[in-house]
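2 protein chains.
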Amino acid sequence: MSKSVGKSEIRVDAYEKAAGRAKYVEDLCGRNTLVARILHSTVAHGIVKSVDTSEAEKVPGVLKILTCFDAPQDRPFPTAGHPWSTDPKHQDVADRCLLNRHVRYYGDDVAVVIAEDEVAAAQGVRALRAEYEALPFVLDVQEAMADGAPQLHQGYDHNILAHTSIRNGDYQKAIAEPGLIRVEGWYDTPTVQHCHIENFGCYAYEEAGRVVVVSSTQIPHITKRVVAQALGLPWGKVRVVKPYVGGGFGNKQDALYEPLCAWCSVEMGGRPVKLICSREETFVSNRVRHAIRSHIVSWVRPDGTYAARKLECFSNQGGYASHGHGICAKGMGAFPQLYPCPNVECDAYTVYTNRPVAGAMRGYGIPQAMFAVECHTDDVCRAIGADPVEFRRKNLMPVGFVDGFSKNELYADTFNQCMDKGMAAMDYVRKYKAYQHQTGDVRRGVGLAVFWYNTAVWPISMESSSCRMVLNQDGSLQFQTGETEIGQGCDTAYSQMVADAVGVPFADVHVITRQDTDITPYGTGAYASRQTYIGGFSIMQTAQALRERILNIAHEQTRMPVSNLDLQDGQIVRKTDGRVLKSLGELATESLYSMEHSQHITAETTAQIKSNAYSFGCSFAEVEVDIPMCKVKLLNMVNVHDCGRLINPALAEAQVHGGMSMAIGYGLSEEEKFDPKTGRVLNDNLLDYKLSTMMDHPRLDAEFVENYEPTNPFGTKSLGEPPTCSGAPAIRNAIFQATGVAVDRCPATPHVLFEAFREAGLIQG
Amino acid sequence: MSKSVGKSEIRVDAYEKAAGRAKYVEDLCGRNTLVARILHSTVAHGIVKSVDTSEAEKVPGVLKILTCFDAPQDRPFPTAGHPWSTDPKHQDVADRCLLNRHVRYYGDDVAVVIAEDEVAAAQGVRALRAEYEALPFVLDVQEAMADGAPQLHQGYDHNILAHTSIRNGDYQKAIAEPGLIRVEGWYDTPTVQHCHIENFGCYAYEEAGRVVVVSSTQIPHITKRVVAQALGLPWGKVRVVKPYVGGGFGNKQDALYEPLCAWCSVEMGGRPVKLICSREETFVSNRVRHAIRSHIVSWVRPDGTYAARKLECFSNQGGYASHGHGICAKGMGAFPQLYPCPNVECDAYTVYTNRPVAGAMRGYGIPQAMFAVECHTDDVCRAIGADPVEFRRKNLMPVGFVDGFSKNELYADTFNQCMDKGMAAMDYVRKYKAYQHQTGDVRRGVGLAVFWYNTAVWPISMESSSCRMVLNQDGSLQFQTGETEIGQGCDTAYSQMVADAVGVPFADVHVITRQDTDITPYGTGAYASRQTYIGGFSIMQTAQALRERILNIAHEQTRMPVSNLDLQDGQIVRKTDGRVLKSLGELATESLYSMEHSQHITAETTAQIKSNAYSFGCSFAEVEVDIPMCKVKLLNMVNVHDCGRLINPALAEAQVHGGMSMAIGYGLSEEEKFDPKTGRVLNDNLLDYKLSTMMDHPRLDAEFVENYEPTNPFGTKSLGEPPTCSGAPAIRNAIFQATGVAVDRCPATPHVLFEAFREAGLIQG
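Just so you know, the protein sequences line up as chains A and B, in that order.
When you line the first sequence up against this note's numbering, it's residues -9 to 755, in that order.
When you line the second sequence up against this note's numbering, it's residues -9 to 755, in that order.
Everything labelled a hint here was simulated from the structure, so no lab data went into it.
Keep in mind that the hints are not guaranteed to be accurate.
[As the list claims (entries may be wrong)] Here are the computed lysine to any residue pairs in the SDA-like style, where the Cα-Cα straight-line distance is at most 20 Å:
(1) 600(B) with 579(A)
(2) 227(B) with 580(A)
(3) 13(A) with 22(B)
(4) 79(B) with 579(A)
(5) 227(A) with 573(B)
(6) 79(B) with 584(A)
(7) 13(B) with 197(A)
(8) 600(A) with 584(B)
(9) 227(A) with 504(B)
Make a model of the complete structure from these sequences and hints.
Have a look at this one:
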């Protein structure tokens, strides 16, 4: 069947994007769209006593000011981009209001100015005078859990949003085994931001008594529901449209300011209002990745096997729940699966603090978990004198492993395959040997880290995807799905899958990139690396429905039995002699304009997916560490991925390159820094926040192992998030080899290395 | 079932339109859209020798000039808004090019200037210098048929685009019957224009290698095909979008300048280009209604029955084929059906002339035919001394009449019902008697005329309609169809039909007013008064498919058998005890988010319609004629319609009011006038063209007879065009009663009346 799948087809949106024709939110909103800008809190924790709007009202062009005293406080809503659950216990925490009287982080939303233009809106915000009753605040996750810490939300004891645990075997009994070596570590990951190219923005207006929001979102159908919840409307009264999106990486897997923008429009009588975040707002008042602190204790036998293990992780949620505990829980869930051990105790805590709100970010807990687990793995190797590769080969999840909850199975010897490929690409064995026992100021090291990542959200949440195909008179077709192109290239992958599944040339598939919840088949959107995996099910199912219709019509038109007909490459073919009976275009034209039996050939189905799949892979990093300068230079990096069959190798490689870049930043430079006196983010811009760029990269080597994923119709599985998961611990382990110093936090900035090297006695200070 | 159908629900677009929020073509095109303006021919017939572009090229902002020497002349395309036929003999005449070297009317398209803005485009056009070799031209339809007349198109002998005839019985033998009274008349109708509020306009651009045209069109799906034909593209490479449209009345049932605009964009590398017609261009270079000259000879027995009849009609096509012969053929077809007579000879000729191109206009040949036939009916009554009402009662199509071709049947005694109702409303009997035998300068008269109009185009062309319904989580739903709202209110009627057919409240139906050929189910569009009739089939069929899905899911969710479940007013009801088991919203939410069986509930079907229906009605007019001033004052007007069941009485009344206004203009004031020396339209603007307005109307009385139409799922049939059909002859017949003068041409302007009255000896001149 396969003709297009597996080929590096050029992106379907390549020309539009290269030519600057692709339209994003700001390109689409009309000239007369009003501008909303937000007054953000200047205390990290407090109560708004008053907002003086008198000066702002005098600003020419300011039309309306809405403050937290106008916004309903009795209709809290959730923001996480999760499918709705009809089980109230499984619904996301609804702790958000449109504007807040109780502000919970420096940058919280206090008031909004609606004006005729940007300048008036900005002047209006500057002219507002908010008075706060400042409350004590807390930025550290464990301090927030301490007795006497300031409490952010009612009903959450010690600020703990959630605590879950795993108990396998008998940890206490197991650690009594004689001869065990105890290895303990604390591992810290930072608050980072997604830094997608297009800042979040949206605009809203009313049409025919309904609210329309055009948004740069990953999740139009979910956002429709959240906006309705926030505004207290029946869900059918809201329509969300998603045009081209310039990246999201999980930040736009939340309803961000769509509810507030929609409310502004409603308050303006339905006039169009836009709310476009600045980069500064994106850093502070959108979402960030959870900083997670992990504590691991491993009890290892001298033969290099685990007797018992313990994990505690503390996830810094920031001021509001957003995706909440899901992220830390997912990271914890990886622990007993990646290196199975009979006796395990895990505890995950997600804790409110007065930091910016943490939500989804590429990797969804796994980058944090892999940093902790894979740093610790090398710590264990060091403690027992094991080789890091051999130790992993011995302890990693074995072929045939089945997770009891997700039913995910490891079908192939993928870890060894990935590590072998990565070692070859890195020339690891030679280098590892060469870099042992170095002295001198400048030393080199190689390190590796593995990861495990699952695909989509079943069975935690509902997984389904719908799509629709509409045939043209020339045999080409349009394809619509609720799953969303946000820059990652899924529209191209989908077009390839549709082409092959239906039996038409790739060029004859016209993907509708824009989602419009009024007419786009339901799909939950871009997250959990689900697009290609989940979309594949509904594409295959809908293609089969379309083919069935087409072949039945071909039977009507040719008198050949359906069983002897096939649709191949846009041609109706008689199977027995391979003769082309007519083109699909001829069939479609005849069908549509038939005086006997006119049919517009379309198909639409919902596929429910009750499976999930492990994706696997590893990173190898080679570094040169200048010890006196406390500087790390990344010399080489290799990622190896088993994401099943590659739909489009060039796009897959690009996806991995992007993820590696993000992992490099995570390992070496990126971190939001907080003023301990105010709680304010100090580096809320791309000058001070050291985003990893092309200039910081060595050549990025993306390799693949293609083990066909049997649960998926196209043999594929997640690749969107995996590339970010193992890079940072691989870099850390390379530094560890080079210097012998275990840097147990990322990013490994010169400041961090200075402290670590001084403590290790490598430098004086 | 009916809850909403039959109610005067407020238009679904009322608020958008009243508030000025509804977006039309010009509102939608972006700021940077280039402007195209056309150089129109200044000879009525000729060959373009050259177009000097040198001065125009110097105009700042002019980007490109395309002339008839750039436009392909070997790829002629049709423009009529008819469904495509796979039978070449049934396809529309393809005689149009993007720009023409052989120009065929004063206003033909010679060149186009593409510029950065309106001013530059207009200056560019003014700076073009075209040289013509002028040819003799002909404006009159019968002169064009004469030997030696200038020939417009090759292959059409004597300029006759088509000639069809009807031969029933034996006319020659029948007229030999002794004692017959011969009545003969020539009846002339004028070239008029639709004068919709929104001039035609469109813009085009390229996206992902395809051409997109956003157009003020009645027929987006057909326009997609025509643009592809004109540009030589596979049909799937073109996408047409129709936003709100400010009226069309048939002018926009042609592909007008969409092909030219699309070509301009392609020539500009896919940049957006708009082409918005001025009112002047709308009058001359869009479409007009065919001026038809009819010649009728009736042979009547003294008892008031017809022995034999003959009709010849000559339809003035103008320079290009457009809808061509269909219009005159339809008018001719009415002749033997309205007043059945055993011996009939009819001949219809459609003839190219050097007038502006005639196309579809509200009534599609029937206003012309009814003017001829119903003026003639009163002429016959006068000749034999019969009462106009009683004569019609005796001779009109009887109950049970079946047309052999269309299989249309007259199911009810509708003509008598309509006339009775109209007579009562007009107080006709009393007035008719009172106005007999008047003398004096100012006289009054009453007149009537009936009409017959069929619904949709079966069996001449394919009739089908598709629609799609998409259920929201709250039980409301979106409804999409290819049939088009162009101001007439069909979106509202559809919403009512959908509400009742599905079983939800009217407010829970959200109609998608915008058609987008990429995703909108196929429908041919707004013409032939087909929207409500044809749309009703696909609405009912799709609603039943949706209900079936819903009730099957209700069965899954409630364990009640489908046979005991109903959906009423948005509630799932157990039939046996009438208990509400759950709301449709609860069902939809549970279904969509089900962990067991997730389904996005949608339905889409194509209904093919192999029926048609007669609509009937009549007009009564009362006039006061000032003979010395040659002025007619319309005192009263009543229209009575049997269009089956009324979906929305208020909208139906509005539809009739609009049609009556058009008929009044047709009867009294509207006419395009031509300079006999140049062929130029002299009154191409709303100052000189005397469009009938509110100021010219008496109170318009719209009455209805509701005979349920058995062929339609909602019992409805055409009402869009019928109101224009019988007004003009009713006015003429009222003038006839008042003055005794048979004014056998419309409009009855003072100039026409002056000639007629002078000829009749009523005035001296």
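Now the hints, each set against the structure:
1. 600(B) with 579(A): holds, 19 Å
2. 227(B) with 580(A): Answer holds: residue 227(B) to residue 580(A) is near 18 Å, not above 20 Å.
3. 13(A) with 22(B): holds, 13 Å
4. 79(B) with 579(A): Holds, at about 16 Å.
5. 227(A) with 573(B): At roughly 17 Å apart (the allowed maximum being 20 Å), residue 573(B) and residue 227(A) satisfy the hint.
6. 79(B) with 584(A): holds, 15 Å
7. 13(B) with 197(A): holds, 11 Å
8. 600(A) with 584(B): holds, 12 Å
9. 227(A) with 504(B): Roughly 18 Å separates the two Cα atoms, so the pair holds.
The structure fails none of the hints (numbered hints given earlier).
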